[in-house]
Structures are given as C-alpha cells and as structure tokens.
Amino acid sequence: MLHRKNTVDAPLDRRWKQLAGKVFRRKDLADTLPSVDRELWLAVKAGIIHKAARGLYYVPRRTPFGDAPPSEEALVEKFLDDHHFLIFNPSCYNALELGTTQLYNKTVVYNHKRHGKFVLAGFEFDFRDKPRFPSRKQVNREYLLVDMLNNLSDLAEDPEAVLSNVRRKLNNFDAGRLEKMLADYGSAKTRRLFRQLRSEPHSEHS
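Residue numbers 39 to 244, in our numbering, belong to the letters of the sequence shown in order.
Just so you know, these hints were derived from the structure itself, not from any lab.
Incorrect hints may have been included.
[As the list claims (entries may be wrong)] With a straight-line cut-off of 16 Å between C-alpha atoms, the simulated EDC-like cross-links for lysine to aspartate or glutamate are: (1) K227 - D212; (2) K151 - D167; (3) K60 - E115; (4) K155 - D167; (5) K60 - E110; (6) K151 - E135; (7) K60 - D105; (8) K227 - D192.
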C-alpha cells in the first residue's frame, strides 16, 4: 500500500512541474493527455495541482516560504480567456491627494466579458464589464481622477469633501490629458460634473 502514495507517475509529475505558476483549463490539456479527466483527478488528489475555480486549475509555485498561487494577472487572463482587462485597487485614488485615505481590501477588474464577484484561487475579484478602459501602461493621474469620479458614490469618504478638493486642485492636472481621459472613459454624470467644475471661477493651484 505504501507504493500507492505516488499514484501520479514520475514523467507526469515532471509535466505538472513544468506548469508551475501557470493557470490552465481542462481543454488546454486535452490534446496532450490521453486520459485528461483521470490525470487531473489524480494530480489534484496528490496535491500537485490545485483548483482555482470550476474548470480552472493551477500548479503552485514553490518558494522558500511554501507554495504560492499564480499572479493575479495569470488567474484573471485564463478565467476570462482574454488579455484585455485592467486590474486595480481603489486605494490607488489616494495617490491623487484629494482627501481619499481609505485602504480597500478589494481587487477590481475592468473587462469586456464578466460582471460580478468571483473567487479565484481563494482570492475575491470584483469583475466589472466596461465598454472602454485603458491598458495598465496608459493609466495616468488624469485617468485616475476621471475613474474616481465615475465611482464617487462607492468611496468611503464624503463625496462633497472629495469634490471640494477636486475644485481646489483641478488646475494641478494636465488639461489636455484630462480632456482625453474624460472623453474616452468618463461617464455622462462625470462629464456633466466636469463642465460644472470648469464653469466655476475658484479652481486654483494648491
């Protein structure tokens, strides 16, 4: 009975280890494993691979501190089967220095396919289906300002206090970039709000 401990044979064990840190679906292995369902079941039972969600698997990365899950990007990309998404935490608004100080324990994913909260590898992601959003490299202060105001009602801070700071510091943002971010990503409500702010005479440098 002791020999049954290693029900996944050595070549197959090496195959899984080559996938360390990667996320995959059953269909990704169907062409290379003749008995994919059985092999997946054995590997999960042996603790070689873990289930991230229904139909989604990963091989943990070995670290000096133990097994580690894949990156958020790897989990989200395979879950969506799409590389067009933007992952962020609302705490990033704090960098704008507009009075937001809350630290949020949440991960938001703008994408084109899913909407709702899903748990992947033990981590909760708040997926929001958006028609448009920038790539991570395109995110700048002006985009964060527009996105913060798009989500103003969801913030922990008093909306009026935040808006007061926006009025006072609006001239600290690049007007051209702000106009583009507003046109590309601002909600109708946010665009109206900006028109109102620009018509007020008391926006000034902080």
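Hint check results:
no., hint, result
1, K227 - D212, "violated, 21 Å"
2, K151 - D167, "holds, 6 Å"
3, K60 - E115, "holds, 11 Å"
4, K155 - D167, "holds, 11 Å"
5, K60 - E110, "holds, 11 Å"
6, K151 - E135, "violated, 32 Å"
7, K60 - D105, "holds, 13 Å"
8, K227 - D192, "holds, 14 Å"
Violation of the numbered hints given earlier is confined to hints 1 and 6; the remaining hints are satisfied by the structure.
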